[in-house]
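Respectively, the protein sequence lines represent chains W and H.
Read in order, the letters of the first sequence are residues 1 to 291 in this note's numbering.
Read in order, the letters of the second sequence are residues 292 to 802 in this note's numbering.
Worth flagging that the hints you see were computed from the coordinates, not collected in a lab.
You can take every hint at face value.
Cβ-Cβ distance ranges computed for the label pairs, FRET-style:
| no. | chain 1 | residue 1 | chain 2 | residue 2 | range |
| --- | --- | --- | --- | --- | --- |
| 1 | H | Ala780 | W | Asn162 | 56 to 62 Å |
| 2 | W | Asp291 | H | Ser547 | 52 to 58 Å |
| 3 | W | Val204 | H | Gln748 | 44 to 50 Å |
| 4 | H | Ala780 | W | Thr236 | 21 to 27 Å |
| 5 | H | Thr618 | W | Asp238 | 51 to 57 Å |
Cut-off 16 Å, straight-line C-alpha distance, at most; resulting in silico cross-link-like pairs (EDC-like, lysine to aspartate or glutamate):
| no. | chain 1 | residue 1 | chain 2 | residue 2 |
| --- | --- | --- | --- | --- |
| 6 | H | Lys650 | W | Glu189 |
| 7 | W | Lys267 | H | Asp778 |
| 8 | H | Lys662 | W | Glu109 |
| 9 | W | Lys278 | H | Glu745 |
| 10 | H | Lys651 | W | Glu189 |
| 11 | H | Lys756 | W | Glu284 |
Example chain H residues on the side facing chain W (calculated, C-beta under 7 Å, incomplete):
| no. | residue |
| --- | --- |
| 12 | Gly488 |
| 13 | Glu490 |
| 14 | Gln491 |
| 15 | Arg494 |
| 16 | Asn647 |
| 17 | Asn652 |
| 18 | Pro657 |
| 19 | Ser680 |
| 20 | Gln752 |
| 21 | Ser786 |
| 22 | Ala789 |
| 23 | Glu790 |
| 24 | Leu792 |
| 25 | Gln793 |
Quantities reported herein were computed from a predicted structural model and do not represent experimental measurements.
The C-beta atom is built at its ideal place from N, Cα and C for all residues, glycine as well.
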Amino acid sequence: MENIVKIENKKYPELLRKIGKEAPKKLYYKGNWNMDIFENCLAVVGSRHLTSYGRKITEQFVTEIAAAGITIVSGFMYGGDEAAHKATVEAGGRTIAVMPCGIDMIHPEYQEELYNKILENKGLIISEYEGNFPPANWTYPKRNRIVAGLSKAVLVVEAGLNSGTLITTDYAGKFGRKIFAVPGPITSEVSRGTAKLIKEGAEVVTSVKDILDFYKIIPSKKSVENSSQLAGRGLTNDLEKRIVEQLQKEPLEVNNLARLLNMPVSKIGTTLSLMQLKGFINQEAGKYYVD
Amino acid sequence: MLIKVPSVANLGLETIGVDVEVNLANRGLPGFVIVGLPDKAVDESKERVRAAVSSSGIDFPAKKITVNLAPADVPKEGSLYDLPIAVGILSSILQFVIPEKSLFLGELSLDGSLRHTKGALLMALFAKEAGFENLYVPKDSANEAAAIKGIKVFPVENLFQISSHFLKKKNIEQITYQEIKDNLPVPAEFDMKEVLGQEQAKRAVEIAAAGGHNILMVGSPGSGKTMLARALPGIMPPLNERESLEVTKIYSVSGSIPPGGSLITCRQFRAPHHTASPVGLIGGGTRPHPGEISLAHRGVLFLDEFNEFPRSVLEAMRQPLEDGYLTISRSKERVKYPAEFMLVASANPCPCGYLNHPKKNCICSPQQVRKYQKRVSGPILDRIDLHISVQPVDTMEFSENQRNSESLESSERIRERVILAREKQEKRFGEDSVQSNAQMKNVHVKKYCNLTKEIEQLLRQASMKFQLSARSYMKMIKVARTIADLDGAEEINISHMAESLQYRSKIYETA
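With the rest of the complex left out, here is chain H (with noise of 0.2 Å):
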C-alpha cells in the first residue's frame, strides 16, 4: 500500500514541494529503508519515527517499509520529514484519510512529541503559493506558520493527538493569521542619554540609523565608541511588513527562532567577535547556511575591533556592501541570500591606542600605526559613508547642568525623528527597489537629489580638496538626502552638504 505525505523541501530561501512516499510492504523482511538523497538527519529519522509509534500505543508493523523522497534528486536535510513519515506509517496502520492539500513538517522526539522545527515559516509561504490550506507542524513552530494568512495551521504537540484528529475522534483547535502590531524597540543596552558628550558622534548615528548608512567609529580605548553602538538598537525604526517578512525567513531558514516564537518585528543587532571565520560571517558551508551579514539584514551588523578581523573576511564583504544580497555557489546548488545591513564599525586609531589622545601619549612609529591602518582596506573604507573620530570625554569639561544625564535626549526621542525620516524615505521610494537612502542607486540619487548648481560647486570643491573617489562622492549625496529628511526639508540645501561634508574625514590614512 503506497501513501503520499507531502512535505517541502528548503533550498536556501527557495522551497520546493517534496512527497514523502510511504510504502509498507507484506512481502519481504521486515525492514526500513529511506531513499531520496537524505543526509545523515534524515536517515536517522528512522530510528526516531520507529520509537515515536511505539510510545504512542501503537505496533510498529513488521513490515517491509519503504520511503521515498521524490524528486529524489535533490539532496535533504534536516530533521523535518519525521512528522510525514510517522503519519504516513500510521496512516497505513489505522486506516485514515490524509486531508488534500496538506503539508507536514516536524521532528519527532522518541515518546512521540514534537519538536520546534526550524523553516516552519518558509513551508507556509510555500503552501500559499502552490495552493495548499492545511499546515500541521509542531505546536512551538505553529505561531511562525500562522504569520502567513489565508492558511489554516494545526498546531501538533504529538503523534497520538493528530492520529486521533484524522481518526475524527478529537480535532486539533487551528489557529490562525494573527496581525502583529508592536513598535517597540529592541531594548538596547545603553540609551543615548547615558552617553556623555561626543554630540558629533551621536548625531552621526542618529544620521546613520535615519538613512541606514554605514558608519565607522575611530578612537582610543575608553571613549565610548562600543556604547555608542551598543545604544543604537533603541534609536532604530520598525520594520515594516515587508521587511519583517523578509529577515523571518531568515532567521527561519537559520533555525534561529525562538519556540512558540513568530514574526521578527524589530531590528536585529548582531555583533560577531573578530575571530568569527569567513563562513560564519558571510555564510556558507557544504549546505549554504546564512552567515552574520545575512542575519543583519534590515538590521545592524556591529564590528568591534573592526581591523582585528581577518583581512580575508572583511574582503569578502565588499560585494554584500555594495548589492545587499550574496550569491553562494556550490558545485551542486546557487544560494542567494539578501544582506542589506547596516555597517558600524569601531576600531582604535593605532596598536596602542592613543594616537591623538588628549593625555595619553602614544608609543606607536608611523610605520606602526600605517601597518595596523592598513588593515582595513581602501575599497572597504570606501563603502563607509559616515567616518568619525570618538575621543575620550574630559568629564570636568561638563557644567553640572550638562553632566546631568536628564538633560541629554533619550534614544526614544532621537528615535521619533529617525522613524518620521525613514516615512520619508518610504513615501519617496514608492514601489522602487530601494528602502533607504543609503542604498540608493545613481538612478535613484539622479531622481531624487536634486543638486542646485551651488550646491554642486561646493561638492566640486570638496572632492578636489578631500580627494574623494567617485563612490564617495555620491555617499556624500546620499548622507546630505538623509540630513535634509531628518531637518523635514524637501531638497537638499547647502548647509544639508556641508554637514554631510563633516563626516568624511580622513581618519584612516587609507581611506
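Bound conformation, chain W alone (with noise of 0.2 Å):
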C-alpha cells in the first residue's frame, strides 16, 4: 500500500497546512507517520560545508534538543542537514528528512545507513514527490518550504550567501516562524549567512536553554552544565593543563600548539596522543579540539 497523506486528511500536519496556498497538495512517506512528532519541531538547518566548528555545534545542541523530546527537521543533505540528523538518531531522538525527490529514493545515496537509521529511531522520511523522481536544481528550495513549513522555529548554525538554508529561512519568515541564529566569526565564509540573519533580527542563540525556552521546555540539570568545566578533569600534568586550556580557545593543530607554548613539536605531539587516548580531547582533520 503507499502511503500519502493528502492535504484534506486531518492527519496532515496543521503547521504545514496554515502555510496556505504553498503546502503540497499530497505528502508521501516512509516510517511511522504519528501524529505526535508534528508536535514540537524545531528544523536545523546548515551549510553543506560545515566547519568543524559548525559540526560541533550541531552535534552539542542536537544532542540535547532531540533529547528534551522536540523533533528535528531537516533535508537530508549531506553537511549541516546530515549532522543534525545524525546527532538526533544518536541521541535516540525523532527526526524528519524532507526529501528533494521522489520517496522511493535516497539522496545522496552513500548516507542510505543514516536513513535507515532514521527510520529505526521512529522518525520519518518524507517528500512530494512520488517514485522515483529525480532530484532537481529546483525541488531543493521547493523542499526548504516543507522543512520551514512543518517547524516552529528555525535553527541555523552556520550558512553561506546565496545558499540554500536562506531559502529556507525566508520561507520560515514569511510562515512567520522564529529564526534561531548561530554566531560565528565574521572571517568565515560560512557565518556570513548567519551574520546577514542576526542583522535582520533573527534571535542570536548561544546555549541550549535559548531554543528550550522558546518551546517552552526547561533544560534539564545536566544540559546546562558548561562542557568546559567537564574538560579539565583528571589532567595529570601542567602540560595537559595549558594544552586544554589553549584547545577551549580554539581547535589547534600540533605545530600552532608547539609555537604558542614554545615547545619542541615531538613532546607536544607526544602529550597529544597520551590525551586523546584517555579522552579528554579528540582530532579531526588534523585540529585537535576539547570535547
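Two chains, two frames, some hints: make the complex.
Structure follows, in C-alpha cells:
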C-alpha cells in the first residue's frame, strides 16, 4: 500500500497546512506516521560545507534538543542536514527528513545507513514527489518550504550568502516562524549568512537554553552544565592543563600548539596522543579540540 | 683460424660469461655473419666493426668472417660486443696473442674510438668471481670497473691503441681500485631551514629519513609538501659500501652511470611524473629493465600527486613495498631486481584541494572527496608508516624571530642526527638481512623491540580507538623504534610510542 497523506486528511500536519496555498497537496512518506511527531518541530539547517566549529555546535545543540523531545526537521543533504539528523538518531531522538526527490530514492545515496537509522528511531522520511522522481535544481528550494513549514522555529548553525539555508529562512520568515542563528567568526565564509540573519533580526543563540525556552521546556540539569568545565578533570600534569587551556579557545593543529607553548613538536605530539587515548581531547582534520 | 675473446652477457643483475668466437675463413665468398641469438644492436655491430677497423688504418680482411657468441642459446643484447669482435679480427690479422684471463667490453664508434658502455661494473664483479684478472673497457667506463678491488682495468681509447698494446709497442696505463670516500649529501633543492612552520611535518620527515619509513603527506596546494620532499635528499644518510655497490649495479645495468662515473655514494632521489607507465615505474619490457622503484633502491621514490597515478601502477607497487625486491617473469627469463626504497608520497585532500583549508572553502561534495581519496587503495595506505597532514602556514602567525630562517634548524644538523640513528641501527642489526628499522620483519621486531606491559597496553588501547590493522600495529612499533634511535635510547619508552601514534592519523578515509 502506498503511504500518502493528502492535505484534506486530518492527519496532515496543521502547521504545514497553515502556510496556505504553498502547502503541498499530498505528502508521500516512509516510516510510522504518528501525529505527535509534528507537535514540537525545530528545523536545523546548515551549510553543506560545515566547519569543524559548525559540526561541533550542531552535534552539541541537537543532542540536547532532541533529548528534550523536540523533533528535528532537516533536508537530508550532506553537511549541516546530515549532522543534524545524525546527532538526533545518536541521541535516540526523532527526526524528519524532507527529501528533494521521489520517496523511493535515497539522495545522496551513500547516506543509506543514516536513512535506515532515522526510520529505526521512529523518524519519518517525507517527500512531495512520488516514486523515483529525480532531484533537480528546482526541487531543493521547494523542499525547503516544507522544512520551514513543518517547524515552529528554524535554527541556522552556519550558512553562506546565497545558500539554500537562507532560502529556508526566507520561507520561515514568510510563514511567521521564529529564526535562531548561531554567531560565528565574521571572517568565515559560512558565517556570513548567519551574520546577515542576525542583522535582519534573527535571535542570537548562544546556548541550548535559548531554544528550549522558546519551546517552554525546562532543561534538565545536566544540559546546562558547561562542557568546558567538564574537560580539565583528571589532567595529570601541567602541560596537559596548558594544552587544554589553549584548545578551549579554539581547535588547533600540533604546529600551532607547539608554537604557542614554545615546546618541541615531538613533545607536544606525544602528550596529545596520550591525552587523546585518555579521551580528554579529540582530533579531526588535523586539528585537536576539547570534547 | 679461430680466436676466442671472452666477454659477458647480463641477464638482469646476473652476469654470465660469453665467448666471442671469431673465425676467419680463407675459403668462400667474403662476408661477415654473427650468430648466437644476437639482437638488433649486436647484429649491427658488423657495420661498426668494419668501419672502425678501416678507420684505424688496417685493411678489413676480405675473408668469410663468422662470429659466434657462445653459449648460443642465451639471447645477447647491446653494443658491448663491438670491442671483443674487433679484437678477435685484429688478433688474426696482426698476429698478436690475447692475454689470458682477460675480459672485453665496449661499443665502437665508426672512427675506431670507444664509447661509454653500460654494464662495466657488473663485468668487473663477474671477473672477480670467475677469476679473470684483466679488464679491457672504454676509457669512459673504466672508473666504474675500477670500483672493484683486485682487478686490473685497462681504459681503452681506440682500436689502434689496444693493438699497439697487444703488439707491445705502447702500453695502456692500467688503473686500479680507488677507494671512494665522500660523505657529502646530494645537493638538495631546498634546505630544511627554508621551510617555515610545518614543525610536525619536518619531524616526520626526519623520522622517515632516519628509519627508512614510507611517508604520506596530505595537504592543500601551496602548503609545502613538495618543498619538504625536495629537501629530503639533504638529510639522507650516505650509502655504506655494500649498499653503494647494490645501487651502482642497478644503474650500471640500466646504463644510467654518466661517462667517467664510478660508484654511486649518495642515496638516489627519484621523482617520476604521474604519467609514468607501469613498466616505467615497476620495471619490465621484453628484456626486463629496472624501473623507477629499482633505481630508487636504498634511496627515495617521491610520488608527487600520489592519487593522480593510475591505480594499476600503484597497486603494482604493493609487493615490492613489502618484499624489497621485484621478480619480473618472462617466458624466456626471470629477473630479480632489488627495490628497497623509501616511498614519499604527497597528495591533495580533495579534487579542489582546499578541504579543511583554514581560509579557503572547499567546493567538493563528500562523494567527490570519497571518490578522489579512493583512488589510493587501503592496502597501499596500510603500507605507509607515517601519515601527516600539511596545512598552509600563515606567515603572520610568526614572530620576527621565528620568521628568521637562521633560527630554524638546517638540513645539515638534522642530517647529523639521522646519521647517528642509522649508525645505531646498523650496529644493532649487524649480520641480519635488514639494515633499517622500516625493513624489520616480525622476527626482528620481536628481537629488537622490547615493549613493557605499559606500552603494550597503550598500543592495544590505540589500536582499538584508531582501528589499526595488524600491519599498521607493527609499523607503529617500528616507527617508535626509530624515534627511540633518534633519541639515543636503547629501549622504546612510552613517550616514543605515543609520538609514533601521532603519525597514524586518518587523513585519508580508506586508511
